[in-house]
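Undergrad: Just so you know, the sequences run in chain order A and B.
Here the first sequence is numbered in numbering that gives the first Met the number 0, starting from 0 and rising by one per residue.
Here the second sequence is numbered in numbering that gives the first Met the number 0, starting from 0 and rising by one per residue.
Mixed in with the good hints there might be a few duds.
Lysine to aspartate or glutamate pairs mimicking DMTMM-like chemistry, simulated, CA-CA at most 20 Å apart [as the list claims (entries may be wrong)]:
#: 1; chain 1: B; residue 1: Lys-224; chain 2: A; residue 2: Glu-45
#: 2; chain 1: A; residue 1: Lys-47; chain 2: B; residue 2: Glu-232
#: 3; chain 1: A; residue 1: Lys-60; chain 2: A; residue 2: Glu-45
#: 4; chain 1: A; residue 1: Lys-123; chain 2: A; residue 2: Asp-101
#: 5; chain 1: B; residue 1: Lys-224; chain 2: A; residue 2: Glu-53
#: 6; chain 1: A; residue 1: Lys-31; chain 2: B; residue 2: Glu-232
#: 7; chain 1: B; residue 1: Lys-243; chain 2: A; residue 2: Glu-48
Reference listing, derived: stretches of chain B covered by chain A, where coverage requires no fewer than 3 residues with Cβ under 8 Å from a Cβ of chain A [what the hints assert, rightly or not]:
#: 8; region: 35 to 48
#: 9; region: 52 to 62
#: 10; region: 146 to 152
#: 11; region: 166 to 175
#: 12; region: 217 to 227
Pairwise CB distance ranges, derived in the manner of DEER restraints [unchecked claim]:
#: 13; chain 1: A; residue 1: Cys-92; chain 2: B; residue 2: Gln-246; range: 19 to 27 Å
#: 14; chain 1: B; residue 1: Trp-122; chain 2: A; residue 2: Lys-41; range: 53 to 61 Å
#: 15; chain 1: A; residue 1: Asp-2; chain 2: B; residue 2: Gly-322; range: 56 to 64 Å
#: 16; chain 1: B; residue 1: Ala-98; chain 2: A; residue 2: Lys-98; range: 42 to 50 Å
Derived by calculation from the structure, the hints in this document are not laboratory data.
Even glycine gets a Cβ: it sits at the ideal position worked out from N, Cα and C.
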Amino acid sequence: MHDAGKVIPGIIAFVLFVTVPFWTNFGKAAPKPQPELPKEYKKCVESKEFMRREHMKLLRKWRYDVVRNNMRVYINSEGRLINMSLQNECLRCHTSKKKFCDVCHDYVAAHPYCWNCHIPPEEKKGWATKEVKSLTEEASSKQPASHH
Amino acid sequence: MGAVFALVTVLAFVIVVYVGVGIAGLRGLFGIVIPYAAFLVFLIGMVYRMIEWAKIPVPFRIVTTCGQQKSFRWVKRSRLESPYNNFEVVLRMILEVFAFRSLFRNLKAEIKGPNLIYGSYKWLWLGAIAFHYAFFTILLRHFRFFSYPVPEPIQILDQIDSFFHIGLPHLYMTDVVILAALTFLFLRRLADPKLRYISLASDYLPLFMIYGLVISGILMRHFFKVDVTQVKEFTLGLVHFHPKAPQVGVIFYIHIFFLSALMAYFPFSKLVHMLGVFFSPTRNLANNSRAVRHQPAPWWKKPKFKTYCEWQEEFKEQLIESGQPIDEDCYEKK
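So that you can see chain B by itself, here it is in the shape it has in the complex (with noise of 0.2 Å):
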């Protein structure tokens, strides 16, 4: 069902812009009015959230640990896996971030037989890697054309992902893996029973929407072309703030389209993993609760005891009426 949504909420996308830019004609709405209201939902929202979660106090170390905690010296300690102090903190989120290092430790249980077996599975962390990989490739790439001249760098990278040559204009490698890459993720989720159930409308939705962006970037770059010239002089007029919508196929325009869906929907969902990851609790903090006294929670007040002596000086008459014995220690000194 979440899948029928999304891929339908997808093709109304194509359907809103064939109407809107090649019927209608709004070339000014869609190229420029919804990309820069999409941008400034995405950066103003991801700000925001991040500002949230900020906002939330963090009173437990929940360190997800997979070793051994630093103990005592003759005791052989994992750094990364249970790291004691900020600079393997770090270590682990860098891993974890370029090298996604949890999603390697990626089990699948099986039953065979009798026995539920636990295997070691990696295609998840391929899949992902790939096509993580591919679309900052893919973005980085698009930078030239925001800047003029274009960055060295840049031009290199261009170069080499377009590096076997194949056809007029070259296939870039990015583009073969980034498009095998979400077919695997899209197909993990609908060939597994268990993985298919869980799977809501908003799994797919980002899938199938990077799936739009792409196939509509290759279709403009090898099938339908568009003036990639007059392209480059809008998105310069975007950054200067002076933008002309370009006269240039439909195609061009579902391509903007997309990313600006994409962009707006970024602070709303399960996309937000992209800051999300450095505001884990599980995995931002050290492991050494048991070597440091942690700040209490902030909502923590000390509570106001009352000590006996106070107690007995409160109910002081009916204790002597009612022949109660009086503490005189509490009397002795002050």
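Excised from the complex, chain A in its bound form (with noise of 0.2 Å):
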């Protein structure tokens, strides 16, 4: 092999940049998302498969609707009428958005910009009691990114 001072590194540096994924992982533990379900309700707005898959998407279809057209009542597939609301609907049965929402948009790294504007239950408890002053604060450092 000639030049192999320069080849050999140049080697081993792609196998480094290709493999990036295989060492930065190894020896870590690969934790599992497990969103806390709520107890009292048993289905959601439509089948679990369905919600987990396409919950952004009927997300955004329940704010134009609601937002563009006035229309606040959604019809599932089982004829069941359901409020379109993300802060009164959703947040209803899934009491928590810390352990609900949050553990699988932590998991793979998605940042919905709602809550930039719609509040979380967790917030909300806070206000009705004494914890106002830090919320606030905290809400006013959030510039809400973008509305509908």
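Both chains are sitting in their own frames, so use the hints and assemble them into the complex.
TA: In structure tokens form, the structure reads like this:
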């Protein structure tokens, strides 16, 4: 081999680069996200598989229908009428954003910006008690990234 | 013809996965065995290629130059166009790899009336650079499936890429850019008869495989949704060597299959230019053959010369017999 002094470090750099996912994860545990499911309810808006797959699209549809078309009732595949609301419906059953939504979103590094404006139950509880100050500070430090 | 062949190949990929996963349910084969095998082919193939290249001697300095080489001190020289030392070679290589400098010089010849006109033509450069940077960003972004916790820079990159907040999940800018660039690069080959004539199936196939990869990815993100949480459990499983094929839609397996096919195809195709650029003797040498005497080629052995004295010694008898004069100098001083 010619120029081994340059070629061999090059080959090593290449191999290290393409195997990054393997050695950066070596020895680390791969956790499985376990969102806390509601106990007092049996069924979500749609089937569980559908929700896991498409809840963002569903939320988009809800948002669009409410904000643009002033339609507030969603009829699900079983014909049940559901109030289309993020705070007041999804989080009525899934009572904790931290223990439910965030568990998965942290896992896949998704950052829904919805909570810039919509209020998760944890924060609402804070308002009812005396922790208002720190929470409003936190809220005002968060700039809404966008609106509909 | 090449384009049709490539198109049929890529469609066949889709059908194979559709039958294999959608109908026969071979998730383990398409989700685990093929991706691992393809990655091994990629890794070993590329290293093998590099070793083979490094074995080839480069006896001459065949640097591509487009500027004044180092000469007298009062002659202005071009450091980048005719690099004289390794530092300048590295500079030129960096610009080549990161800015596609030689493509930037691309010209187009056109016959206008009676004249042949050469004009600057930057579109190819623009298409190529847009494509490569979009692809690279997408590659980096996918690291979020292979790490937990996901490194901050990768998350920031993701947020910048989805900056416009179009739709939910957000549309990535790079997805739009790569589709546009691929379309341009493809149409470029079709539109120009000269280019169409020299384009082979091996020019279209990588293009179409990347098209397939990109389109299946976009479809998966925005239209035929899959359960991304399960997907990440699977990808982390892959890097931890205990993967479990996910129970998700066929579109995910099509995406993975295109990726596998691309990886396996890499070492055998023009795609090796990813590493080949570093091994190009026209780019990785310094143009200094007027200043440095370079090693001759490794196979070069000093030929055995015969001096006159040695020759005279060998034929001495015959020389004397026929009365030829003998050069006495050969025997004088030793």
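Undergrad: Give a verdict on every hint.
TA: Here is what the structure says about each hint:
| no. | hint | in the structure |
| --- | --- | --- |
| 1 | Lys-224(B) with Glu-45(A) | holds (15 Å) |
| 2 | Lys-47(A) with Glu-232(B) | holds (18 Å) |
| 3 | Lys-60(A) with Glu-45(A) | holds (14 Å) |
| 4 | Lys-123(A) with Asp-101(A) | holds (17 Å) |
| 5 | Lys-224(B) with Glu-53(A) | holds (6 Å) |
| 6 | Lys-31(A) with Glu-232(B) | holds (7 Å) |
| 7 | Lys-243(B) with Glu-48(A) | holds (18 Å) |
| 8 | 35 to 48 | holds (count 4) |
| 9 | 52 to 62 | holds (count 5) |
| 10 | 146 to 152 | holds (count 4) |
| 11 | 166 to 175 | holds (count 3) |
| 12 | 217 to 227 | holds (count 4) |
| 13 | Cys-92(A) with Gln-246(B): 19 to 27 Å | holds (25 Å) |
| 14 | Trp-122(B) with Lys-41(A): 53 to 61 Å | holds (59 Å) |
| 15 | Asp-2(A) with Gly-322(B): 56 to 64 Å | holds (59 Å) |
| 16 | Ala-98(B) with Lys-98(A): 42 to 50 Å | holds (49 Å) |
Going through the hint list in order, the structure satisfies each hint without exception.
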